[in-house]
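Asker: Residues per chain, in single letters:
Protein chains: 4
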Amino acid sequence: MEKFRQFAEVPPKGWNSWDGYGASVREDEVKRNADYMSQHLKQFGWQYITVDIQWYEPTADSSKYHNFAPLVMDEYSRLVPDAKRFPSAGNGNGFKPLADYIHKLGLKFGIHIMRGIPRQAVHNATPIKGTSKTARDIALNNVCPWNSDMYGVNTDMPEGQGYYDSLLALYASWGVDFIKCDDIANSVIYNGTLKKEVEALRKAIDKTGRNIVLSLSPGPAPVENGAFFQRNANMWRITDDFWDEWSLLLNMFDRAEKWSAMSRPGNWPDCDMLPLGHIGIRSVDGPGGNRQTRFTKSEQKTMMTLWTMMQSPLIMGGELPDLDEWTTSLLTNQELLKMDDQITEKYQTYRDAKLITWHAESLQSKYDAIFNISDTELQLTGAQFVALGLPLTGHDIWQNKDVELSKDQSIKIESHDVYLLRS
Amino acid sequence: MEKFRQFAEVPPKGWNSWDGYGASVREDEVKRNADYMSQHLKQFGWQYITVDIQWYEPTADSSKYHNFAPLVMDEYSRLVPDAKRFPSAGNGNGFKPLADYIHKLGLKFGIHIMRGIPRQAVHNATPIKGTSKTARDIALNNVCPWNSDMYGVNTDMPEGQGYYDSLLALYASWGVDFIKCDDIANSVIYNGTLKKEVEALRKAIDKTGRNIVLSLSPGPAPVENGAFFQRNANMWRITDDFWDEWSLLLNMFDRAEKWSAMSRPGNWPDCDMLPLGHIGIRSVDGPGGNRQTRFTKSEQKTMMTLWTMMQSPLIMGGELPDLDEWTTSLLTNQELLKMDDQITEKYQTYRDAKLITWHAESLQSKYDAIFNISDTELQLTGAQFVALGLPLTGHDIWQNKDVELSKDQSIKIESHDVYLLRS
Amino acid sequence: MEKFRQFAEVPPKGWNSWDGYGASVREDEVKRNADYMSQHLKQFGWQYITVDIQWYEPTADSSKYHNFAPLVMDEYSRLVPDAKRFPSAGNGNGFKPLADYIHKLGLKFGIHIMRGIPRQAVHNATPIKGTSKTARDIALNNVCPWNSDMYGVNTDMPEGQGYYDSLLALYASWGVDFIKCDDIANSVIYNGTLKKEVEALRKAIDKTGRNIVLSLSPGPAPVENGAFFQRNANMWRITDDFWDEWSLLLNMFDRAEKWSAMSRPGNWPDCDMLPLGHIGIRSVDGPGGNRQTRFTKSEQKTMMTLWTMMQSPLIMGGELPDLDEWTTSLLTNQELLKMDDQITEKYQTYRDAKLITWHAESLQSKYDAIFNISDTELQLTGAQFVALGLPLTGHDIWQNKDVELSKDQSIKIESHDVYLLRS
Amino acid sequence: MEKFRQFAEVPPKGWNSWDGYGASVREDEVKRNADYMSQHLKQFGWQYITVDIQWYEPTADSSKYHNFAPLVMDEYSRLVPDAKRFPSAGNGNGFKPLADYIHKLGLKFGIHIMRGIPRQAVHNATPIKGTSKTARDIALNNVCPWNSDMYGVNTDMPEGQGYYDSLLALYASWGVDFIKCDDIANSVIYNGTLKKEVEALRKAIDKTGRNIVLSLSPGPAPVENGAFFQRNANMWRITDDFWDEWSLLLNMFDRAEKWSAMSRPGNWPDCDMLPLGHIGIRSVDGPGGNRQTRFTKSEQKTMMTLWTMMQSPLIMGGELPDLDEWTTSLLTNQELLKMDDQITEKYQTYRDAKLITWHAESLQSKYDAIFNISDTELQLTGAQFVALGLPLTGHDIWQNKDVELSKDQSIKIESHDVYLLRS
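Protein chains in written order, with our numbering: chain S, 456 to 878; chain R, 456 to 878; chain Y, 456 to 878; chain E, 456 to 878.
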């Protein structure tokens, strides 16, 4: 197994600021989520705390970007945290103090970056560390359609690779453990994956010598680039931004089905964050609003089952200190987490207009899930189980009890709910 | 007929600097082409002299753009000519002196503009005339993929329309008669025509009260927007940049066929400039190089026939003072120019792997063309003429003689050549 | 104007059996609709009575086809009417007696045909009239995806053209005045218009010497083939099957906008039949069921306005003998019918999320329509009229009264309703 | 590992009649190839002898199909071999005698089938074994665009599955070991993979209890269906028909790169047959003609290296009795065959306009290939090896010698040739 794949031998589990705060999270908010994770979730395998987009934008206040806003940048065209939002970053400290804080909690620290180099650096022709070129020299006139911060970088020039090398060296020096790079896995306007910049990132990370997990966004990543992603990244988004809407959850079954064959230790197709619990604190994306997740409990079970059965990374989007008992039970279900970590095969086995079945296997166990995707209750007899190739006996994970079904008996699954059997 | 359509009752005829000079033409070069046109071509209907892209870019030196180069701009975020390249534009004169010069020759003056507002204006937040907003306020984060000068403009804001109004007011005050707006008729990355900015231009021109022909680029303009173009512009490009290559000329038959039904007085689908005579002086696009056109004489006849039979605008790309006798004969063929001006119907009537026929009609005449698109000589009997619905008698325009064919006789057409009969 | 365009100098108006009967109409049903038209609608310009698909299929009983059903065919591989459904067609009479009946009423007779040659003829290798080839020899292995009756025909073979010639000769001998040919204008699986078979039909009709209007289906016909359709047909469908659903009506505005520039005497882009009054008698397509149209009165006004302002053919789908007073008023509105017949320009002038405006002109009049496409009532002031370029005074066609609006006054338009002003 | 995957634990190796004989191979020709394989290739792992398409078409004489030709069929709508072409198939023996012959040689027997049910069965409404339905009842009006033999089958009906069950039961009874099903993996006109018929085949094979390898054609199979193919088939074509043309071979690098992540024991993405040695005996496809392969020796080495490094099935297309020494050396290169059987990872590691590198690993060895895809000789220094991550020492498989390169030394690779190092 290549070295970088060892950085994520099981699907990464953590928290990310986007679903709650959009582009606007502050240091105190990050810390309180880290504190909570350390105390209540760490023992279940949760470890990454990630600051999402625009920690270098002083006026960021929601998930809406301020077009062409000035950004905080060092003398080498590299973005650094705004010290008003992240006080410990003052005096040129960068994220080092915050990373140290999180490491002390026994957790890992992640940041979001945008592909490219700041447009302001290009228009001002600022230097690239270790080179005689400026940002203007290495910039490409390709831009992100949904955010006005960056230009692309010409990685065919040694100085283009040099920019990425200097950037990752800086972030590694802060103690960053996880990079979520955006505007790179799928670009609608530039025809798919920006492969050259992905490769430049891979090289730049490898040069740091630090174990930094690489996560690529946004999705849907093109399936035909699957082998490419396996060679370069630890996780990549298989979907657009995911929110608490049934249509998006239903849609994920298609994507999970397509990607299931590409998933293996160190390479995890990513179903995106879990919009559970208290979300939308300052984010106005998705259905919008400061709210509890709009997913029903059935839908939350369906989401958790699909994500773990697909071995998606599990990145909680909701505010951790506000977790209620129900949501906590989802994040600490040891059967699910074990499935997420240990299965070695998984795939969809059947689909019609009403139900979808998936099968997974670990060395010890087999798992079968029946998802009711219809809008009414579904009743299935044991005979139908047999016809679908499903086992009649096993352990019902969501009910946490052993079951034994005869051909004449039947089970009921609520609309949008799931039945998950370990055997 | 709407007023703006009256600005171009027949297909415009003129000269444009692109094929010779790319982005780099200078005032003296423009003047010498205007002088020549006035003396030798004006009486045949040629009248527009157009300065193509980047007359505001001091370092422009070919058809390759210098990414992120500083541009010459007035205090209201409007691009103005570089006074080194256009000396008469010094002291804030803009193009007025050059336009005056050209008008005195009995000709009309055109300029190229890029859709949008300069990026440097946006990053510096410079003012928009007559409004309290800045360039940053009205800019959209959408950009041209092949040129780094401009951002798009939000024309849903009154100040966005205001920018275009102030721009056209300035250019009208100079005496501009023709605007070729680029990055607007077809954008590969932004999904077709940028309709809102086209409509803003239409309104801004109408407000000037000046008869300014509006030409939209680049192509291929989407055919499904044909009615939209008819409502807003005088001409629009139906093709990518056209150069002296047979494959491009052959391809134009497809495009002409599709667009022939959308062509009418005031609305002229545009087959692009005529790369005839001496071209590539400083342009390095297309097959490249300072050269005589690479088209054979047969191909030149084919091009001239298709352009005039399609009623395309005729915009000469080659250097006028260097015209030889042959090329002059193409530009001054009165039969062709009359067809271009007077026909009221035109369409393809037949196509197979070897030949294409077109038919056109004016009030006085009928025209039939037989294009040999094969790589060998084509022989056609009178009987084949009849089967194809072609007349046996008439005036052979290219040979300039009356002909009468019997069913047993045959004609020969060289490879890539054309037979054009008026009857 | 080419001769075939004279067959339809104004948009054709008539009745078609599909919306009421699907593939199953019988002779008595056709006659009673013809009788009614002759007595009540003929004086308003309605004249075509068309028998839609599968009059050669004995077991047809709705709009659902019986796959691979045997068809009634003559000895030359040509489909002829089933004599059980059309008793007058017995003894090899074909549709001649029914056509005679309809002609005596002062009306014209139309039939639907499918592109191609019956599959049963191909599998049995039956003869092609006037040739030594069989159906198997001239068949192409291309088929309609939604109907299993026919194979395509190789019109590059003289015998392929010969088949179409013999077919049209037979139908002309019956007195057919209108051919609606299906599976030809747009094929999803064979990449657009089947141009060669369209051209073969054009030639075959021209050879009959009879004035037979040619109508092509299904839609959406590709806009890029507009010039081709103008050269070969009198009308062509710009839409999939149209039914009484608002989403389909709303969608027609897009299509009408695209096609408006391609519409002219003899060439009429076709918005499909009017599902008004009593429909779905045996048809089970669309929203299905034996019913009065589901369109509200507002929507019916909108449809009639768009169809006539676009100069679409007007083909009534509902059962004529069951017409009520309201529906009759729609079909006999002389202002609308005059607009449909006499305008020479028409186009969309504005569109936003709530309203769409169209403008049309005849030699005598100008017409402006405001369509409220929103789901709530729309209020517009005279000032807004001016901003939209709409006239303040004129004749309100739907209210049938003269109006004069000041800038302060306002009008109201119900949801999905229309305001139509002649000035 | 699922049972069916065990049918092909290593990539299948064999011979197929298509490249030599098109649709027209005869029994004696099949036998002589089997004889040769048994004597000269079997010991290297070659074992499948497959009769390609239309063994049921009496008049088949090349790779061109006779549209609508009558086929040999049993009383249950199942195609059976034509006894004139396969004499041992007389008296209703089917392929049993030929399969027996091949089995006695220690080899395995394969046949090609087309998805669906014969059109002649549908038009004659012949029975389906074990059901009360006829071919007409279960047929779907979807057809192959390039062959007129079959209709699709409605596998949602039990009798549709029943047809496939009866078909596979018959073929299993003959002793068939390998089914290549066509018109199923990728259909241009029906939008991708015909999944329901693939699933029906999977079930029908599983019901036979016989180990029958399932191979799906044609390609390019859609990459997004990769997980689906893994669940249902042993091999599937990732390409259109492959022939001895460099452009096709070059193109295979793209496809191999995309599919490399989907390849594993029992599931082999298939680069198609090897057009080596004497081909085109009666096939007229591809570059056509009775010939020795047009590939240069360099290209043949490149093909063999890519196929084995990708773990493609190896299906020889050329006539085995005519093998020369060179071609034999390609098919019996034990290093390559071992790589094909034993590697567990493989992927492209670099690509630019001139060269492509691949890396593969087995438990014992690492493999690195450098493909020169340019049209001129390529020279690479040891320093460049290091920059590309390639080892300097190892065993040069094609030269069959150990090598040790210093940074200053360089190697040369001919145009279209390959350098393959085991380390």
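Bear in mind the hints are in silico, worked out from the structure with no lab data behind them. Predicted model, so just to flag it, every value in this text is computed and none were measured. A couple of the hints might just be wrong.
Copies of one chain are not kept apart here, so a pair can be met inside one copy or by any two copies together.
Said to hold, decoys possible - Straight-line Cα separation of at most 20 Å, PhoX-like style, residue types lysine-lysine; simulated pairs:
no.	residue 1	residue 2
1	Lys458	Lys821
2	Lys856	Lys651
3	Lys856	Lys867
4	Lys752	Lys559
5	Lys458	Lys486
6	Lys458	Lys662
Asker: Tell me the hint numbers this structure goes against, listed in increasing order.
Answerer: 2, 4, 5
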